[in-house]
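A.B. asks: Following the hints, complete the assembly by docking chain B onto the known chain A.
As given, the protein sequences belong to chains A and B, one line each in that order.
Quick note on the working numbering: the first sequence kicks off at -12 and runs consecutively.
Quick note on the working numbering: the second sequence kicks off at 35 and runs consecutively.
Hints listed in this document are in silico derivations from the structure and should not be mistaken for laboratory results.
Mixed in with the good hints there might be a few duds.
According to the in silico footprint, chain A covers these stretches of chain B (three or more CB under 8 Å from chain A) [unchecked claim]:
hint: 1; segment: 247 to 257
hint: 2; segment: 339 to 352
hint: 3; segment: 421 to 434
hint: 4; segment: 448 to 461
No farther apart than 16 Å at their CA atoms in a straight line, the calculated lysine to aspartate or glutamate pairs in the EDC-like style are these [claimed, not checked]:
hint: 5; chain 1: B; residue 1: 279; chain 2: B; residue 2: 333
hint: 6; chain 1: A; residue 1: 231; chain 2: B; residue 2: 255
hint: 7; chain 1: A; residue 1: 58; chain 2: A; residue 2: 113
hint: 8; chain 1: A; residue 1: 231; chain 2: B; residue 2: 374
hint: 9; chain 1: B; residue 1: 269; chain 2: B; residue 2: 232
hint: 10; chain 1: A; residue 1: 206; chain 2: A; residue 2: 216
hint: 11; chain 1: A; residue 1: 156; chain 2: A; residue 2: 120
hint: 12; chain 1: A; residue 1: 231; chain 2: A; residue 2: 241
hint: 13; chain 1: B; residue 1: 105; chain 2: B; residue 2: 92
hint: 14; chain 1: B; residue 1: 256; chain 2: A; residue 2: 229
hint: 15; chain 1: B; residue 1: 94; chain 2: B; residue 2: 194
hint: 16; chain 1: A; residue 1: 251; chain 2: B; residue 2: 92
hint: 17; chain 1: B; residue 1: 211; chain 2: B; residue 2: 513
hint: 18; chain 1: A; residue 1: 231; chain 2: B; residue 2: 377
hint: 19; chain 1: B; residue 1: 409; chain 2: B; residue 2: 513
hint: 20; chain 1: B; residue 1: 211; chain 2: B; residue 2: 248
hint: 21; chain 1: A; residue 1: 245; chain 2: B; residue 2: 452
hint: 22; chain 1: B; residue 1: 202; chain 2: B; residue 2: 232
Glycine included, each C-beta is placed from N, C-alpha and C at the ideal position.
Spelled out from the first residue to the last, the chains are:
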Amino acid sequence: MKPLLSKCTKLKWPLITIAVLGAIGYGVYKKPPFTTVHSNELGIRTNLLTGNTTQFKQGSAIVIPGINSFKRISLKDRVLQPKAIASSASKEALQSLEGLSIGANVIIRYNVNETNLLNTYASIPDNDKQVVESAFYGIAYKIFSKYTVREIFSSKRDEITETLENSLKPLLAHDGLALKSIQLGSIDLPSDYRKGMDSLLAEELASEKMRYTIELQKKKLQAKELEAESEKQRREIAAQAEAKTQIIAAQAQEEAMKHIIPFKQRQIEQRKLEAEADTAARIQEAQGNAKARIIEADGEASARKKLAESDAYRIEQIGKANANQMAKEGELISKHPGLIQKAMVDKLSDKIQVIIAPPSTSGFVGDNLLGNGSRD
Amino acid sequence: MLFTSVVATVAMNTAIVIQDQSSMLSAPKDSARQQAILWSGELVEVRGEKQNYLQIYDYKRERPGYILKSKVKTLNLSEQEAPQLLSALRYVQYQDNSEALSIGIAAAWLQSATTNVINGSEGAEVFNILGLKAQQLADKASRDIQLGNYAAARQAAYFDVVKGYGVKFNSYEYGDKIRVCYGGEAFRRVLALPATDEQKADAAIALTRSECSDPNLSVTDKQIVNQWQADILDKVDDTKLPAWKANQIKLRRAIVWSNLAFRRTLMEKEEAGKTATMAAENAIVSLAGVNKEELIESDLKDYNNAIMAVNASRWALLPKNNSPLTKAGKNLYVEVIPKETGESCVTLLDEKHNLEKHLAQRCTFSKVWLSSATKNKENTALSIAVQPTEQWRELWVFYKKGDNWDINILPPAPSTPDIGYAEFAGWVPGGKKILVAQEARSEGKYYPARYIIMDIGSLSAERQHNTSSELGAFKRWQDPSWKQQSVSIR
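Just chain B, with the same shape it has in the complex:
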């Protein structure tokens, strides 16, 4: 448990190291041999005093020594000392490289304060600071930059110091990178304490970071985690938050609910279908509630991610999973035939063809959004949305090639599936061209929203622009339902 080690370490006479690279010497003089290097935030036991040195014992290293008085702050960890520690923490938290010291002071405060105080608003404040500092430390370690020798040593030392206080971190491997994430216990405590709305918002945002979700979780566990995250975010009253903070909560909600919408549609029960619709609706409502004027620059990435995630799962909003294309007349239509292997076979049919003798068929393990099926006026092409993962939606285009039918598949980006969509935006009369919208983030690269006129046969771009209104074809032939339902256009 958190801070249990602190209880064991702190004694009546304790001191916290307040400066980095403080030397612990073997004798009370500058020229004495250096026993160890202490970093800010470390706790040591004070056993005596000699000249301007304190005689200390470092339990972690199991070593006694001397340290200059100016390098440490002595503590008695009494109830009376708690307010002073809290004041110090309030200032120290804003200093650069103060993660270990802040967490050390927070731990000392937790040791000094009474249970009632810890369970009150001050407790929530301290846990919030502690969580934020731990998260800051983890974020620094996850940054993809080369550190200098001193900075690297300091980072490693800080981790060592805060781990000594029971702060836990998780490491996840994403491709060739390692992401360090704070375990989040302090934030969970904030949510349970009488915290302010802003503190709760901070905690909820920290606990629902998609980059800190375990990539090795099973599909079922991911759904459970997503549901838990949605519950946490729903507990935050965003109406009482500043607009920019409320935006953060809404963006996070949009992402979490869109993930849930996709997961729930995969469940076979009918009830799940209803809850999936509800989840998709929640996602869209959350995204629509974002005040763009108040969006801060650092949230722009989250904003784009939210748009892509919501757009990827937006077809879950339609309750009926039926094709809008009917069997009547000479029209083309599609049917999805489930297989025992778990695959869904998208089958292209018309009045002259049946399931045994179809025009074209393609089986997939992905989610086929049957309600997205649409065909051109010439009856020579049909597009349908297919979603392989919770945040990645492809566009499938069946097209007539001579007397036969073929299929082209357009992914959101030519990159490892992560987050993005490729979607139908309209048919260009003549039966040769299709309007498409694409946006993705993958392998650390962002492919901004693009509106493309594509050749149906090759799915190669003929013209494209990052604003749909700049393309004449989009002005004239964009599909009204696409314009109405898609969140691609900001």
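The shape of chain A in the complex, shown without the other chains:
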């Protein structure tokens, strides 16, 4: 028995070690000291011994059981729709300024405040929806009760939403949450009131429409006025440009006319000089002609005088010659009286037969021929 016991004693410690290692191995196998942080998550590891905290983003983190605690915080947006205030018939329905119960369909979107998370993560409630809802109710009743139904229903929706957001934001920040938006959806009114409200809104809408129509017409009118104005200006500019072009063209023509004037003047002077020269030339010519005529006349006169003198001289000479001739003829006839008849016969034509007859008693040889002889 002893050897067996001593053998067992010898094997005791290795067995214990194996058992411990096996237990540890089993423990690690069953509950590994690692954890994974997914996307859209943040992990906060706390050392339970020291109280230190470490933040992890997507990836793995060592978490030793008993030494570390690990908390995952989702970064996804969370949405809350408070149901209790959705209907006007609900007991928790909101109250308007007039005291009317109204329901409001509200959508609250919020998230974990990522900044300074290591300090605030501990205050993030696990039941955040309830916390946000109660915080919202806490402000909603107060805020909605300050507005009339009409304001809540239509005209001041934006203002109410903004007030709700501004009021809720610090409350949620206190709990490490960040409000992203509040959306005010449909408003549930008591049915009777709803009808009246609808008609009222319709009227308002109509009047609004009319207002817009009038404004539109005004705008159109203004647009037309502007168009007309611009058209008028365009035309004025075009007219001015045309007028300027016209003026330039006219002035260019006038200028061209001016350039001609010196030439015209020169032409006139030239013509004047030509005319003067022509006059002088004509005068000279006339004077020349007159002188020439005088000279011609003088010449003619002296020529005629000479001619007359020569005529007179010639006549005188002829007379003298004739007288001499007659004297000579007289002498000859005295000597030979028959010569007269002979001369007469010589002057008559050959075709006339002449008979020389003795002189008539009258003494004229032609008396017989002319029939004067028969008168006796």
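C.D. replies: For chain B alone, coordinates are given in the frame of chain A:
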């Protein structure tokens, strides 16, 4: 509208007066009192017949009467009668003093023919005859001759008759003369109808007469009219026309395009500059296309006018409006400085002078052709072309007078600006003389092309001839670019 009055006047029994001075009598006998004198072409309503007289009613004078049957031709204005009327019109149009009768027959034809026929080739023929006769009447009235009593009465009566058919005339005052022009509606219709090329050519020529453009139109309107005229002339296919007729179209195109070239250069936009070059090119191409051998004598005036107009605006052909004279060296050069008043100041400069302290300056409202600037070798004179109106181009000569510079301006003729050019043709070495070409038509007088040797200082002619080759100086010293670009030398 044309002939609307005809529609109202003509009735079932109508007659057209075919003889001038036909008497409308109060009774059907020769000795009866004369109610009115009717002229050929007048339409009257026939209401009856008695012996050899027709009983008629004259709507224009609102008077009934009788007229000898032989003085009128009765018409029923039926569709069947249209061919006869057209035949008659074809013969009557060639007779002297047949304007009113032709237009009367044409109006009757328009009343008789169907719409399809009027819109066809026959319609074009009738409108063409109508337009030509109306134009002939207007031309007769515009002639500067003293008419006898009968001729004057007939002319006035014809106008009265054709105006009754809706034919419209315009009167324009040119100086102390009146120009009567046909409105041109018939020609516009010819262009819209399936007319022959010759008919279209007639219409285009008639619609683009420069003497019948309204002298009172604004510059802008003139440009619009010129553009319209250019479009009309471009629609005529001159290749299908007889050579002499094609010449008429080409001459007209040359004038219209040269006017447009000048107008477009005055526009400030750059695009206009390009279109101006195109217009000047069209003008020169049209003029170059004229067949001189086929030019008829009556077109000689148009030929000379076309040459002068094209030559006046020929500088628009050069696309760049820069001076060919550079600033480099001691050379003279000019710059054109625009002023707000619309004037352009031609400034003479050299290397030692700037715009503030220039050699000489002259401002003008005219178009300054900077690309025409040229100077002599001696650097003592510089000439530049300046155009005051669309068809009138002057020559400006800057010249050195002692130490200073002076300017002389030579117009195309010593007469009212109308159509003409005075242009630089060359420098005579020595720096004292310039060669110049001049041609103009103004105040009804034609100053034929002359080639002159001028003294630069006085711009007085020393020698001149109507042929450049007859002057030795022109043979030796004429500028090569002038000889190449000018259309002055025929």
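A.B. asks: Give a verdict on every hint.
C.D. replies: Status of the hints after comparison with the structure:
Counting residues of the segment 247 to 257 of chain B whose CB falls under 8 Å from any CB of chain A gives 3; the rule of at least 3 is met. Beta-carbon proximity to chain A at under 8 Å applies to 0 residues in the segment 339 to 352 of chain B; the threshold of 3 is not reached and the given coverage is violated. For the segment 421 to 434 of chain B, the proposed coverage by chain A is satisfied: 4 residues have a C-beta within less than 8 Å of a C-beta in that chain, meeting the threshold of three. Counting residues of the segment 448 to 461 of chain B whose CB lies closer than 8 Å to any CB of chain A gives 4, which reaches the minimum of 3, so the coverage claim holds.
Simply put, residue 279(B) and residue 333(B) have alpha-carbon atoms about 10 Å apart, close enough for the 16 Å limit, and the pair holds. The suggested pairing of residue 231(A) with residue 255(B) holds, with an alpha-carbon distance near 14 Å, which does not exceed 16 Å. Only pairs whose Cα atoms come within 16 Å are accepted, and residue 58(A) paired with residue 113(A) is accepted, the gap being roughly 11 Å. This hinted pair checks out: residue 231(A) and residue 374(B) have alpha carbons roughly 11 Å apart, not beyond 16 Å.
Proximity of residue 269(B) to residue 232(B) is assessed by CA-CA distance (about 12 Å); at most 16 Å being required, the pair is judged to hold. In summary, the hint linking residue 206(A) to residue 216(A) is supported, as the alpha carbons are separated by about 15 Å, within the 16 Å threshold. Pair hint residue 156(A) plus residue 120(A) holds up; C-alpha atoms about 13 Å apart against a cutoff of 16 Å. Restraint check: the Cα-Cα separation between residue 231(A) and residue 241(A) comes to about 15 Å, which is no more than 16 Å; the hinted pair holds.
Our distance criterion of 16 Å between C-alpha atoms is met by residue 105(B) and residue 92(B), whose separation comes to about 15 Å. Between the alpha carbons of residue 256(B) and residue 229(A) the distance comes to roughly 12 Å, so the proposed pair stays at or under 16 Å and holds. Distance check on the hinted pair: residue 94(B) and residue 194(B) sit about 10 Å apart at the alpha-carbon level, within 16 Å; holds. A hinted pair counts as satisfied when its Cα atoms are at most 16 Å apart, and residue 251(A) with residue 92(B) does not qualify at roughly 57 Å.
With a C-alpha separation of about 41 Å, the suggested pair residue 211(B) and residue 513(B) falls outside the 16 Å cut-off, and the hint is violated. Restraint check: the Cα-Cα separation between residue 231(A) and residue 377(B) comes to about 11 Å, which is no more than 16 Å; the hinted pair holds. The suggested pairing of residue 409(B) with residue 513(B) holds, with an alpha-carbon distance near 11 Å, which does not exceed 16 Å. Taking the CA atoms of residue 211(B) and residue 248(B), the gap is about 14 Å. The hint holds against a cut of 16 Å.
With a C-alpha separation of about 14 Å, the suggested pair residue 245(A) and residue 452(B) falls inside the 16 Å cut-off, and the hint holds. For the suggested pair residue 202(B) and residue 232(B), the alpha carbons sit about 24 Å apart, so the restraint of at most 16 Å is broken.
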